[in-house]
Amino acid sequence: MLRIEALTVASRERALVEHLSLDLAAGQITCLIGPSGCGKTSVIKWLAGILPAGLTATGRLTIDGGERTRPDPAISYQPQSDALFPWLTVAENAALGLEVAGVPHATAKARIAPLLSAFGLAGNERLFPDQLSGGMRQRVAFLRTIVQESSFILLDEPFSALDAVTRMRMQAWLVARLQEVRRGVLMVTHDLREATEIADRVLVMAASPGRIVADIKIDTPREARGEAALADLRETLKSMLLEDFS
Amino acid sequence: MLRIEALTVASRERALVEHLSLDLAAGQITCLIGPSGCGKTSVIKWLAGILPAGLTATGRLTIDGGERTRPDPAISYQPQSDALFPWLTVAENAALGLEVAGVPHATAKARIAPLLSAFGLAGNERLFPDQLSGGMRQRVAFLRTIVQESSFILLDEPFSALDAVTRMRMQAWLVARLQEVRRGVLMVTHDLREATEIADRVLVMAASPGRIVADIKIDTPREARGEAALADLRETLKSMLLEDFS
Amino acid sequence: AEKVSVALDWSLNTNHVGLVVARDRGFYADAGLDVELLPFSDTSSAALLAGGLADFAYVPSLGFMSARAAGADITALWVTMQRETGRLVYNAANSEISRPADLSGKTYAGFGSAWEAALIGTMIRNDGGTPQWDTVTLGSGAYEALASGAVDFTLEVATWEGVNSELLQRNQASFAYGDYGVPDQQNGFIATRGASIGERSETVASFMRATLAGYEWAAANPDEAAEIMIAAGDFPNPDLVRGSMKLIAEGGFLGGGDTPVGKIDGMRLQRMAQFLADNGVLKDGTGNTLSAPGDVSGWFDESWRGQ
Amino acid sequence: MQPLRRILPAILIALAILAVWELYCAWADVSPLILPAPSDVARALGTERAVISEHAASTLSVAALGFSTSVAFAFLISVALHFLPPLERGLMPLFVVSQTVPLIALAPLMILWFGFGLLPKMLLVILVTFFPMLVSLLSGYARASRDHLDLLASMGAGKATLFRRVRLPSARAAFFAGLRISATYAIVATIFAEYAGARRGIGIFILSAKNNFRADLVLAAVVVSATLTLLLLGAVRLVERFSDRRRGHHAAH
Amino acid sequence: MQPLRRILPAILIALAILAVWELYCAWADVSPLILPAPSDVARALGTERAVISEHAASTLSVAALGFSTSVAFAFLISVALHFLPPLERGLMPLFVVSQTVPLIALAPLMILWFGFGLLPKMLLVILVTFFPMLVSLLSGYARASRDHLDLLASMGAGKATLFRRVRLPSARAAFFAGLRISATYAIVATIFAEYAGARRGIGIFILSAKNNFRADLVLAAVVVSATLTLLLLGAVRLVERFSDRRRGHHAAH
Ligand SMILES: Nc1ncnc2c1ncn2[C@@H]1O[C@H](COP(=O)(O)OP(=O)(O)OP(=O)(O)O)[C@@H](O)[C@H]1O
Ligand SMILES: Nc1ncnc2c1ncn2[C@@H]1O[C@H](COP(=O)(O)OP(=O)(O)OP(=O)(O)O)[C@@H](O)[C@H]1O
Ligand SMILES: [Mg+2]
Ligand SMILES: [Mg+2]
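Residue numbers (this note's numbering), protein chains in the order written: chain P, 545 to 790; chain C, 545 to 790; chain B, 463 to 769; chain V, 368 to 620; chain G, 368 to 620.
Extracted from the complex, chain P is given alone in its bound form (with noise of 0.2 angstroms):
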């Protein structure tokens, strides 16, 4: 269990956001919801230990009731944007996390050769990040995320740059994977969609201070999320964000 307490992320001129608190549990997918600039990626960021120099912020945070101090080694992140290596390959990319680690090369290797063809990038190893397309890049990226050894995934906006089959697969992927290993993930998106058919709770966001308004367990089996509930749970998240901009 990781737990955030009462943070409070300002720049210079006004507190982004304020007073924030969240868990995360193990083996279960939070998403993270709210309009646009409301805070979702400084808090993410604060998490994963880099906040921009510009930012300041107080808070705790704990696993499992120990306090953490960040970076942690137990948690992973994607950023909203790649940052993929340009002077690396895709291979060598998506082993960065584990080359980091100190997970010995020929091992790393091995355990990225099935994932870049479950993404659809095989054939591309070799390519450079110039190379790819947005989506490829964005799928590189996530491969280099998920495959540390950590227990809570941080993801903002994954497959904000996948076709909708792609995006499929690829939530499939995670949910199955969640399965055999029990690890936390917190996935900001965009898509209601996207959030209400994987996770297992759906926080929103509201701006001006970044806050979470509502806080959404949905106990439905995901096999059996049938569209006309989801439909409904997409309406009141769609007028939870509505509410925030009026």
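Calculated directly from the structure, the hints in this document are not laboratory data.
It is possible that some hints are incorrect.
Calculated pairs, BS3-like style, for lysine-lysine (alpha carbon to alpha carbon, straight line, at most 27 angstroms) [unchecked claim]: (1) 526/V x 653/C; (2) 782/C x 782/P; (3) 465/B x 725/B; (4) 708/B x 725/B; (5) 761/P x 526/G; (6) 782/C x 761/C; (7) 782/P x 761/P.
For each label pair, taking beta carbons as the anchor points, the in silico distance ranges come out as [unchecked claim]: (8) 693/C x 440/G: 22 to 30 angstroms; (9) 486/V x 610/G: 58 to 66 angstroms; (10) 388/V x 439/G: 22 to 30 angstroms; (11) 612/V x 757/C: 47 to 55 angstroms; (12) 609/V x 667/C: 36 to 44 angstroms; (13) 371/V x 693/C: 51 to 59 angstroms; (14) 759/P x 605/V: 49 to 57 angstroms; (15) 693/C x 765/P: 52 to 60 angstroms; (16) 606/P x 661/C: 53 to 61 angstroms; (17) 399/G x 605/V: 44 to 52 angstroms; (18) 605/G x 418/V: 19 to 27 angstroms; (19) 605/V x 667/C: 57 to 65 angstroms; (20) 605/G x 486/V: 33 to 41 angstroms; (21) 440/G x 651/C: 52 to 60 angstroms.
None of the values given here were measured: they were computed from a predicted structure.
For every residue, glycine included, the Cβ atom is placed at its ideal position computed from N, Cα and C.
Given the coordinates of chain P, assemble chains C, B, V and G with the ligands onto it according to the supplied hints.
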């Protein structure tokens, strides 16, 4: 009427796009969908006249029957990455296209001001790009594109970083604006809902090599596009994308 | 053989002829010495000697006296040129100059040492002119500047630059320092550190005797000496060497006959030192001007001749 | 307070070096003709300050003139080379060659060719400071991001607009890096030029100090030269600071 | 063919300059002592080639030794300064000051302090070539993208890993830029050092040519110095080319 004839784009190793033809009508929104990596961005870049150095292309572009060389001032373009200039403020980035076209400073400013508030960016005029959220950056890039005086607009996933509600507002703005000024829009999107809701026409691409496999006109007026009818269309599109994958 | 190094004051030239002859005709080897003539560099030979980087140094007279006054522990063993070799040159075609007094208000190409002003000022003053002129520090570019008319006058060594000008058929005229109140001086000292005279007197003596033999041979055989110099290498202009040796021999600069070769004249040294002191050229180690040089008899030591 | 604390380590290290040097001179009893103690140098600076400052003023004015001409020239040439690639291919190798010429060989010849006025000295200063500026500017232009260039090209911007709106702003950091390197060399190059021929200047002062066996004065001149250069560098820093639109904001990129 | 065509403009311009110079010498009847014609220089190079190449060999070996030491040293120091910011604040100002010292003043003193051997010459070469390398490396490290640093930091990478995996690769272009600048100055600096005191080398050759009134030989030495430098630069270019993972692929970023 903008027309591409027999466009082929190739890297050193293989053809990325083969023998692709399409046309754009003024006052219409044409959505281009297709699996990640199928060549959508390559087509758009060719149209914008900025194909990367590693790629070669053959093909013909005409506007209203006259052959055009690119870049052409009649076409404006929003890249998949936002390409904001880090040394310019939000307001200056937004005005960039107008400044380049030689529009006087004051005129440009006056034209941009109302759009900044329409796009929820009011109050951020003096921020620099690295102080913006991903969605804010994308809206500045969109603003920069549509404020240019061109007959055709190329949008490469213009709303991918926006939350559902902001996205709806931007879509509504785009549709309303098109009714006033009759420009032609070519928009790459991964959101089938977006495509079905705002497009006059949906082009479906398949990969390896990139080509157009379906050209679907949506004649239903936008006000009358009920949820049910659209759902069917989305299923059709999704099945087309799925097909390409197997 | 014992290794001995000699720092030079200038690129190898005919002033050094005795050293080259002694080396290349084996006089040094016979004395059990292995002598290396260090190539000329931008660092002064007196400094190289005082700094312990060379065992002996060929030092021009002004350099020697300045270093001595500043407290450097160097002692002269020998002086090569028995008469002043320097002179003031100007273009003969320059109708404005016919006597030193005319130099007043003209442009001088200088070398950056304090004694030049004393020298020129004395000459002009003694000739009845106002000692005022414009100095441009040019170093070895001075001669081309003079030839091209960019400057009006400069100083030269008659046995080197003078010969070169003649070879180039430059129409130049000169004034001798001695004619206008500057004391005549000997030039071209060979010096060593004071400490060496005490500790290595054997080496000093055998080196100097072989050197003496070299210069004596050169004075007697100027043409052959010139060829030895040329064979010693790095002379891009052999005729200059030949011409220079000829002038040195004919002008009796090295001595011979009544004048012993290499003999230091204490009187003339004292007079020149006094001249420099009078003109504020000599400074002690902390930069204070010396009003009198004191007794210069301790500045040189020719005891090697007796051993 | 902040800036003072920032340079404190440098000052401490410098003082430590001076102290060791002073003690070494006192203990090892080296001749001040060869290695004067810092206190000797300070004393020389004091007693000769009138003469030195006259020479220094001359050096500073030549350096400032040469340096600013060089910067203007480097900028113009960089623009020309940028817009005319064949010219770049033709001239860059020659500029490289110009840097490989040993100045000690060239300086006296320059004096002969151009006289002992301002011209040869300015030419030498330009010869030394021009190249780092040019290289920095050209590499700055090349550092512009493909995305930004492409965007502007798609707007129909010509090469000139691309240059003004993308390449020039992208080259800002590189420009100041080059300016700092060139400013560092400007004073030294002037001294060098004076050494080969001049009426006055620190170079002449050094030459005559050396000819008079005054190592203390030589080192005093070194101190003055270093001080002048640091002043020039400080001026460059100020220009950089005050021309920054985002002063105070330290964005990372 | 390609490389030849690329340098063709340079060769043409160079030939044009030489032709103008030759004609000027022939027509204006300038003394070869002041400005020898290119043909005089070529003839001098031919007749003195044995002597010159002996001196050149000496210069090249000192330069190569000093330059490689300098590069190694600059790299080590840059790493040390990167990891110890107080050290950077302490030493960088001193390194800047070291560049403001006029070599003409320092070189003779260095000879007095360290003798005629290899040491003072290597020290001078290092003094000249070290600083551009160091500055380039440090600015290269600083050029690493925030996104990349953040990503790696989020993986729990320490300062060392950040350095090895982000800063070092990001500094590649800057490293080679610095290497080119330093290589450009290595030979010239060596000649300079020889000038102040050496047994052989191009510097000594120039000095004696000058004192023997042979401007043609001085210029011949200039030609040799330029050639040696171009060779060194060529070697640097080769290393850069062959150490590039994406050889032949000219990606724009
Ligand atoms: N410079 C390049 N060199 C080689 N191959 C390239 C280059 N640029 C793109 N490609 C390849 O071209 C194909 C199409 O790329 P493109 O960016 O057009 O795809 P896309 O349809 O826009 O995908 P996405 O939806 O993921 O953005 C990809 O397979 C990519 O690997
Ligand atoms: N370095 C900074 N300095 C000042 N303000 C900043 C800085 N970084 C972010 N902000 C501001 O913080 C707010 C929240 O930004 P954040 O990136 O967290 O939003 P977000 O919820 O991720 O939005 P999006 O969905 O558009 O990515 C924005 O209003 C932004 O302008
Ligand atoms: Mg965000
Ligand atoms: Mg794309």
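Notebook entry, point to check: Looking at the structure, which of the earlier hints fail to hold?
Noted result: The structure conflicts with hints 5, 8, 9, 12, 16, 18, 19, although it agrees with all the remaining ones.
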